[in-house]
Amino acid sequence: MGGKVTCTLGEVKQRADFIVYWGGNPAECHPRHFTKYTIMQKSKFLPRGRKDRTMVLVDIRETKSAKAADIFLQVKPGKDFELITILRAMIKDQHVTDEQIAVTGLSREVLDDLVGRMKGAKFGCMFFGMGLSMTRGKHMNSAALLTLAAEMNAFTKFVAMPMRGHGNVTGADVIMRWQTGFPFGITFNRGYPRYNPGEFSTVDVLVRGDCDAAFIIGADPGATMPQPAIEHLKRIPTIVLDPHVTHTSRLSRVHITTAPQGIAAPGTAYRMDEIPLPLKPPLKSPYPTDEQVVRRINEAIAAKPFWMPEGSQPQMLTAQV
Amino acid sequence: MSLQVIDNATCTFCGCVCDDIQLHHDEVRIHEAKRACVLGTAWFLNHTAEKKHPDALVDGREASLDEAIEAAAALLHAADMPLVYGMSNTTCEAQKQCAALADQLGGLLDSHTSL
Ligand code: SF4
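From first to last, the protein sequence lines are chains Y and P. Heads up, the first sequence is in this note's numbering, so the first residue is 6 and it goes up one at a time. Heads up, the second sequence is in this note's numbering, so the first residue is 920 and it goes up one at a time.
Don't read these hints as lab results, they were simulated from the structure. As the structure is a computational prediction, the values presented were derived from the model and not from experiment. Heads up, the beta-carbon is just placed ideally off N, CA and C, and yes, glycines get one too. No false leads were slipped in.
Using C-beta positions, here's what the derived DEER-type ranges look like: (1) Y/Met45 to P/Asn927: 18 to 24 Å; (2) Y/Trp183 to P/Arg980: 35 to 41 Å; (3) Y/Met135 to P/Val924: 33 to 39 Å; (4) P/Val957 to Y/His249: 18 to 24 Å; (5) Y/Thr90 to P/Asp985: 56 to 62 Å.
Work out the full structure, taking the sequences as your base and the hints as a guide.
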């Protein structure tokens, strides 16, 4: 799990009496999260369900999820990292000045109360969304929150978990970690996987105009990416696999229609807590599945000459002795 | 008309991946998705087994699947630095094939996570 202090949603459902949602709006983006996994569930350890649990929402504005929360903390935009750092200091009784607290838009009383509740919990869980991981600070924010969760274990059981978005993005992380050792932003251009987000991540690659072909599957960057990235996709040969003719398909050289996962294509998808679940597709699609198409493209490429000259390929250690 | 029922189907629209959905379908479309939320219901009811799109498009023209696969393989093989990107709305089995594709191309491999 990449060193995260985390757990499964089953444990949250059974045990978590203190739940924080940070920078996420589950009421609208993950509608069944409350009822299926967190605050609304009754369990052996929390027999009174919602009454036995405390929910805190941290966000920059009052979303629909605030209605479900016991405590809503409105943090100033872009000040999440500061707030997490202050909490990390306060749980250890380190000195924090009033000016430092004022930057976050919250008061000392509110934070003292929060720290008291965090330490008093039997099992705390912090879910963090894109409002934390995609704003100023980005992955440093996520890292800070995960560190806070780890440090809270000096006092009580505490975990953190990212609220992953649509589809099977969690699966993509897991599969890339399994196959290459890295979760995203990978290149094979030396014949073995290397990892460097910022250099090998897609937006950067496209905006700089580095790649000279693109294979897009289960995503629609033509609708979501910044304009310079889209311009580059138009310039180079782009290949799209999707159940629909998308924005990206319209600027591509090749579009192949495939069966939608879980509806007409069988397989596996990962839940946000990295539990793999089998899909049960009810319909039979007239189109092939993604897996079948990519496998056939792989076979067609394998029939062509390999891109590295003979003898220059990286070898396994055993082959070198 | 009697509908077929599938119990404990899995919804992949959001990261909750609810695996307790009951689907009522007639092999062409799904008519009801019990226990799914509004987003999940829309996801299940919007997809059908009808043939609404061409099998494939190559340079804007309709093409057969075989032609499209050959064209895709040729374009990717000719590239010096191809990018394999996305993998959100697809199965783990397809994602594994994508990792193999980037590997044998000597290309880039990336998902939505890096945005
Ligand atoms: S039913 Fe709703 S909450 Fe469950 S996975 Fe589907 S979209 Fe998400």
